[in-house]
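Construct the complete structure from the given sequences, taking the supplied hints into account.
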Amino acid sequence: METGVERFETVCAVVAETLDVDRVEVDADTCSATLPVWDSLAHLMIINAIEKRFAVALPKRGAYTVKNVGELAGLVERQLGHAA
Amino acid sequence: MTVVSPVFLALAFLSVAAVHLLRDRVPRDLILLAASLGFLAIALDPLSLAGLAAFVLAGFALLRVVGRWHRSGVLAACVTAAILLFWLLGENDVALGLPRPEPLVLLGLSYLMFRVLHLLVDVGQGELTAPIGPRAYLGYLLFFPNFLAGPIQRYEDLAPQLAQPAPTPTADTVRGGLARMLGGGFSTVVLAGLAFEVFLLARQGIVDGDVAGGLALGVATLAFSAYLYASFTGYMGVVIGLGRLLGIAIPENFDRPWLARNFLEFWARWHITLSEWFKFYLFNPATKELLRVVDRPAVAPWLGAIGYFLTFFVMGVWHGTSAGFAVYGLLLGAGVSLNKAWQVLMIQRLGRRGYTALSGRRWYAVVARTAALSWFALALVLVWSDLQPLAATIAGLGAGGTGIGVGLVVAVVAFGAAVGPVVAGLSEGWARLPHSAAAEWLVAVAQTGAIAYYLLAWQGIVPELIYQRF
Chain Z
12 METGVERFET VCAVVAETLD VDRVEVDADT CSATLPVWDS LAHLMIINAI
62 EKRFAVALPK RGAYTVKNVG ELAGLVERQL GHAA
Chain G
1145 MTVVSPVFLA LAFLSVAAVH LLRDRVPRDL ILLAASLGFL AIALDPLSLA
1195 GLAAFVLAGF ALLRVVGRWH RSGVLAACVT AAILLFWLLG ENDVALGLPR
1245 PEPLVLLGLS YLMFRVLHLL VDVGQGELTA PIGPRAYLGY LLFFPNFLAG
1295 PIQRYEDLAP QLAQPAPTPT ADTVRGGLAR MLGGGFSTVV LAGLAFEVFL
1345 LARQGIVDGD VAGGLALGVA TLAFSAYLYA SFTGYMGVVI GLGRLLGIAI
1395 PENFDRPWLA RNFLEFWARW HITLSEWFKF YLFNPATKEL LRVVDRPAVA
1445 PWLGAIGYFL TFFVMGVWHG TSAGFAVYGL LLGAGVSLNK AWQVLMIQRL
1495 GRRGYTALSG RRWYAVVART AALSWFALAL VLVWSDLQPL AATIAGLGAG
1545 GTGIGVGLVV AVVAFGAAVG PVVAGLSEGW ARLPHSAAAE WLVAVAQTGA
1595 IAYYLLAWQG IVPELIYQRF
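Line by line, the protein sequences are chains Z and G.
Sequential numbering from 12 applies to the first sequence in my numbering.
Sequential numbering from 1145 applies to the second sequence in my numbering.
Take these hints with a grain of salt, some might be off.
Here are the computed distance ranges between Cβ atoms for each label pair [stated by the list, open to error]: (1) G:1186 with Z:64: 53 to 63 Å; (2) Z:28 with G:1568: 30 to 40 Å; (3) Z:64 with G:1269: 17 to 27 Å; (4) G:1165 with Z:64: 56 to 66 Å; (5) G:1441 with Z:17: 57 to 67 Å; (6) G:1352 with Z:72: 48 to 58 Å; (7) G:1536 with Z:67: 25 to 35 Å; (8) G:1319 with Z:67: 44 to 54 Å.
Computed footprint of chain Z on chain G; a stretch qualifies when at least three of its residues, placed anywhere within it, have a C-beta under 8 Å from a C-beta of chain Z [as the list claims (entries may be wrong)]: (9) 1413-1427; (10) 1433-1445.
FYI, nobody ran anything at the bench for these hints, they're computed from the structure.
Even glycine gets a Cβ: it sits at the ideal position worked out from N, Cα and C.
Below, the structure written as structure tokens:
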């Protein structure tokens, strides 16, 4: 069972892998403004990868509008909490 | 009816006065709903009003259905029904094979449909869970500042504001709101009016097969783009300024689109709430599903290009079902998908760091911006000329004349692309300077004087924003 810190680390790793950037380039504040490669398409790829990794369906509005990695990790936490 | 017509402005200022004077006695949403119904009664003839009422009532009935049965099949059927009704009302001549029963002109029908579909999908998918009663539904859907041509404000953004009492207006709020409205009025009347007059003159000058005809085609293309930008940003200025006076935040729809670094970014700066709507309700679900089904990261960018093409093609044909709008949609779709394909190829060839470095070069930025803005200006020709007349014009001008027209458009846009960032920098510097009240008055007097001169002495035309008719 992953802890919250481990889940945040996993979210960062999935984002880095999906965007093909180094893990050190990704933290809670990472967003489309700080990583130009994070465009609309990349956003959808990240959401799909996160849903697959955590075996969870994220709510559409929340998933489409998260602004950065921190918000995305928070959304995953909440959704896993709902699912538990 | 435009946002600078005396009737609209009279209704606007009456509403502002009523909202603040009756703050403690009548809820703001009821005052604005009454104003919106009054606006519709003035703006539409009885037949059009009946058509609009049918759409609004059907939308509410469908909303009840999707709220009661949370099933994807029910939602799909309700969305299809709403789109079908929209098509029957908006394109009744095509849909029914009948001549359009004049004067059935449903101003703002598309924007009504976007709001209804937003409610249906979000309620049907459980994203909007708070109950939406008739008062909140009508107040949101018919809110008159947003009615004619948007912006497409989301329910969860507008409805809570409408339900709150109006905040006490400050001097800054009033001054800022009035200044924004006046600036918008200046753009709508004078700038859009002058550009439209140039467009009309140039269009008359497009004659067969000579240099002058080609130049006229180029001038008409540029003037129409300038008219559309001035008219739409002016409309938004009036609407957002009015919102401030009413104590309601209305979202921006433009962010200096002439600074876009490519065609994809252009759509994050032009008609933003429409782009966001299509992204949310078409691009995201369609592309996400494609990515999920194919599940091969190597082809993901190409699936994205397909998603972009589909989205922008639909956005194009939303304007109308004529062959011209279908080609307009194809051009928009081709523009964004080619843009995406170019990015993918350049990243494969140069790597991410190399492509980022290339994008940062000034010459590359000017070339990319020129390509994006020229493509859009040339695609817009299909908004002011249907396909057959355009084909006849091109045939008459020949390759030489058409080439001169296109060349003029690209040359002028390239000049604008080169100086655009400089102008933006100066503008931002000016905005940061502390402005005295005297300077603000000077600007206001100059704008008012220009509007008065244009209307009274010049007797110029005030063109309607074409988006109101879509």
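Structure-based check of each hint:
| no. | hint | result |
| --- | --- | --- |
| 1 | G:1186 with Z:64: 53 to 63 Å | holds, 56 Å |
| 2 | Z:28 with G:1568: 30 to 40 Å | holds, 37 Å |
| 3 | Z:64 with G:1269: 17 to 27 Å | holds, 23 Å |
| 4 | G:1165 with Z:64: 56 to 66 Å | holds, 57 Å |
| 5 | G:1441 with Z:17: 57 to 67 Å | violated, 24 Å |
| 6 | G:1352 with Z:72: 48 to 58 Å | holds, 55 Å |
| 7 | G:1536 with Z:67: 25 to 35 Å | violated, 58 Å |
| 8 | G:1319 with Z:67: 44 to 54 Å | holds, 50 Å |
| 9 | 1413-1427 | holds (count 3) |
| 10 | 1433-1445 | holds (count 5) |
In summary, the numbered hints that this structure violates are 5, 7.
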